[in-house]
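K.L.:
Protein chains in written order, with the numbering used here: chain P, 1 to 349; chain Y, 1 to 264.
Hints may be right or wrong, so weigh each one.
To give an idea of the interface, some chain P residues facing chain Y are shown, with a C-beta separation under 8 angstroms as derived from the structure [to be verified]:
| no. | residue |
| --- | --- |
| 1 | Glu208 |
| 2 | Gly210 |
| 3 | Asn219 |
| 4 | Met222 |
| 5 | Thr226 |
| 6 | Gly227 |
| 7 | His230 |
| 8 | Arg335 |
EDC-like mimics (lysine to aspartate or glutamate), calculated; alpha carbons at most 16 angstroms apart, straight line [to be verified]:
| no. | chain 1 | residue 1 | chain 2 | residue 2 |
| --- | --- | --- | --- | --- |
| 9 | Y | Lys120 | Y | Glu196 |
| 10 | Y | Lys168 | Y | Glu33 |
| 11 | Y | Lys168 | Y | Glu196 |
| 12 | P | Lys218 | Y | Asp88 |
| 13 | P | Lys218 | Y | Glu196 |
| 14 | Y | Lys168 | Y | Asp88 |
If you're looking for bench data, these hints aren't it; they were derived computationally from the structure.
Cβ coordinates follow ideal geometry from the N, Cα and C atoms, glycine included.
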Amino acid sequence: MTVTTAASNQPQAPDLRANRGFLLRGALLAIIVAIFMSLGNVNIGAIGQGLGYALAGVTVFMTFRVLGFVDLTVDGAFPIGGAACAILIVNGHSPEFAILMGFAAGALTGMATALIDIIFKIEGLLASIIVITAAYTVTLHVMQGRSNVPLLNQETLISRHSKAFRTWLVEQFGDQMRRQSTNLLEIMLFGMIVVVVLVILYLFLRTEIGLAIRATGKNSQMVRATGINHNLMIIIGLMVANGLAGVAGSLVVQQFGFADVSLGFGLIVRGLAAVIIGEVLLRPRTVGQLLIAAVTGMLIFDISRAWIFSALDLPTTDIQFVSALVVLAALGTPRLYDRWKTYRQRHGG
Amino acid sequence: MLSLDDVSVTFNAGTPNEVRALQALSLSVAEGEFVTVIGSNGAGKSTFFNVISGAVEPNSGRITLDGRDITYTPEFRRSHDIGRVFQDPRLGTCPGLTIRENLSLAAIHGRGAGFRRDVKQADDARFFAQLERQHLGLEHRLDADVALLSGGQRQAITLVMATLTQPKLLLLDEHTAALDPNAAEQVIALTQDLAEANDLSVVMITHSMQQACDLGDRVIMMNRGQIVFEIAGEERRNLKPADLIDRFHSLQDGTELSDAQLLG
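Using the sequences provided together with the hints, build the complete structure.
P.N.:
Here you go:
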């Protein structure tokens with residue numbers, strides 16, 4: 001018995017040493033990005049935008065990495081969440097309630113994909129394409145037949161505090177801060193929301209259900225063998241993941257000041273890029289690290305894109321092309337690097 | 001305890017690729033009995049396991065476990081009573097999760113996953129004791145990713161996971177075939193130890209005639225989806241691998257001949 005008590009006395013709390021390398025890489029990255037942003041004259045608005053989209057990156061992480069499910073639903077869940085949020089705000093509901101409903105709308109979209117996959121045995125890729133196609137119409141209906149719902153003069157998370165924050169900022173730091181006030185406010189508010197959501201999601205992934213969801217993506221055969229309904233885990237996993245896309249949609253809608261039916265276009269690629277950028281730069285291992293990496297990846301994506309825009313002085317019409325280039329760089333660079341390494345080995349350095 | 005009555009499974013029925021994997025197979029396994037199953041590739045051994053575990057639904061017949069009809073019970077529901085270990089060591093454990101997380105997942109068995117913490121300190125003593133019995137030193141590596149373990153170590157953990165919540169029946173599908181001889185021997189010793197300690201009924205598929213003679217109370221030979229012979233009692237106790245190989249070959253020759261006749 002002495003041995004067993006010794007075992008149960010072992011510390012279970014995450015040990016700092018395991019996180020040290022990760023934290024060091026994170027700090028180094030933050031410094032590099034800060035230097036890069038000041039030299040490249042990148043507006044801090046890019047960080048606010050990255051934070052708005054960050055949870056959509058977490059969606060892609062949850063579906064592709066945790067559930068091992070090729071799911072494009074994020075392209076549909078994001079605008080549906082945004083549309084639900086916008087229409088509720090326009091109808092006088094509080095922004096907080098609207099965001100929660102954005103989550104619900106996204107979650108239902110994810111459930112549709114999961115059910116198509118399970119009932120009809122249509123694989124995730126096709127199931128989610130079917131759902132995105134239908135989601136377009138649903139989004140239009142949510143927005144009461146319009147393709148765009150403006151949030152001008154409505155109370156959003158940002159507009160609610162923007163006047164008071166601007167006054168405070170100018171009082172404290174002088175008039176030159178006036179231009180950045182909305183950007184700073186976005187970074188603070190969205191930063192807080194993203195942190196809170198990540199903490200909740202982390203705690204969820206560390207429950208038994210969370211463990212079962214993580215195992216489902218790795219070895220669904222084993223999950224069934226341990227008496228867990230793996231279909232239920234796919235449903236829950238896709239609902240949570242796409243619910244987060246709905247929250248991201250709700251945040252971005254309030255940031256842009258309008259909801260639009262085409263808001264989710266190309267989001268899946270962006271999310272994938274975020275996940276891969278985060279993995280390559282931070283090399284995360286544990287669940288918590290992986291979540292942080294996905295969010296960081298989205299921030300880096302937005303900052304790099306903003307830098308390309310300011311460096312090349314491009315018109316906004318080129319935005320999707322530049323996005324595609326950033327994604328290509330994120331996906332392609334690690335592979336090219338591997339090929340270069342094997343080439344070097346083969347040819348003796 | 002376990003009984004199969006006239007269980008048939010046909011894949012791709014009505015097409016040129018029709019495979020009659022099980023043909024009216026009947027078998028019963030008593031409580032605490034250890035049965036070994038031999039047979040050539042394609043004899044239907046894996047399908048036989050798949051219908052018991054619920055991965056494949058039979059076209060006809062009835063399967064009961066402890067008097068309960070489980071013929072169409074979903075796989076995840078009957079897994080509480082049926083532990084299973086596969087040939088491929090990668091199938092039984094989950095890579096990317098630690099040993100502790102894998103065992104915790106197995107411990108959820110039967111009561112359903114909830115909002116409790118994924119790994120619980122209260123379980124540690126139990127996991128430690130179970131792993132310690134194996135003398136592989138894994139009890140000190142609870143936080144190691146199972147992806148880093150050898151095949152033998154992963155099979156050992158799978159065995160612990162399969163028996164952690166005391167199932168009634170343990171299905172072993174050539175679970176030592178992918179291991180080196182040393183690891184295979186260790187895993188077999190573990191298997192016997194766990195089966196006796198938990199008083200389990202065990203059905204084990206094997207390609208090793210030695211294992212078929214050394215382990216268990218009864219040997220079953222399968223061919224073409226049917227049980228072609230059973231050896232139990234006195235005959236089984238005196239059985240040597242050479243005898244089995246002879247019977248195996250005589251049967252093989254017979255089928256080849258009939259194939260030739262059919263085609264000729």
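K.L.:
Is Y/Lys168 within 16 angstroms of Y/Asp88, Cα to Cα?
P.N.:
23 angstroms, violated
K.L.:
At a threshold of 8 angstroms, is the proposed contact between P/Thr226 and chain Y supported by beta-carbon distances?
P.N.:
At about 5 angstroms, which falls below the 8 angstroms cut-off, the nearest Cβ of chain Y leaves the hint on P/Thr226 intact, so it holds.
K.L.:
Double-check P/Asn219 for me: the hint is only fine if its C-beta lies closer than 8 angstroms to a C-beta in chain Y.
P.N.:
5 angstroms, holds
K.L.:
Is Y/Lys168 within 16 angstroms of Y/Glu33, Cα to Cα?
P.N.:
11 angstroms, holds
K.L.:
If you draw a straight line from the CA of P/Lys218 to the CA of Y/Glu196, is it 16 angstroms or shorter?
P.N.:
32 angstroms, violated
K.L.:
Does the closest beta carbon of chain Y sit nearer than 8 angstroms to the beta carbon of P/His230?
P.N.:
7 angstroms, holds
K.L.:
Going by Cβ atoms only, is P/Arg335 closer than 8 angstroms to chain Y?
P.N.:
Because about 22 angstroms separates P/Arg335 from the closest Cβ in chain Y, which is outside the 8 angstroms limit, the hint is violated.
K.L.:
Tell me if the interface restraint on P/Gly210 is satisfied: Cβ within less than 8 angstroms of some Cβ in chain Y.
P.N.:
Holds, about 6 angstroms.
K.L.:
Going straight from one Cα to the other, do Y/Lys120 and Y/Glu196 come out at no more than 16 angstroms?
P.N.:
28 angstroms, violated
K.L.:
With chain Y as the partner, please determine if P/Met222 meets the hint condition of a C-beta pair closer than 8 angstroms.
P.N.:
Because about 6 angstroms separates P/Met222 from the closest Cβ in chain Y, which is inside the 8 angstroms limit, the hint holds.
K.L.:
Could you grab the alpha-carbon distance between P/Lys218 and Y/Asp88 and see if it respects the 16 angstroms cut-off?
P.N.:
15 angstroms, holds
K.L.:
Need the status of pair Y/Lys168, Y/Glu196: alpha-carbon distance at most 16 angstroms?
P.N.:
12 angstroms, holds
Violated hints, in rising order: 8, 9, 13 and 14; the structure is consistent with all others.
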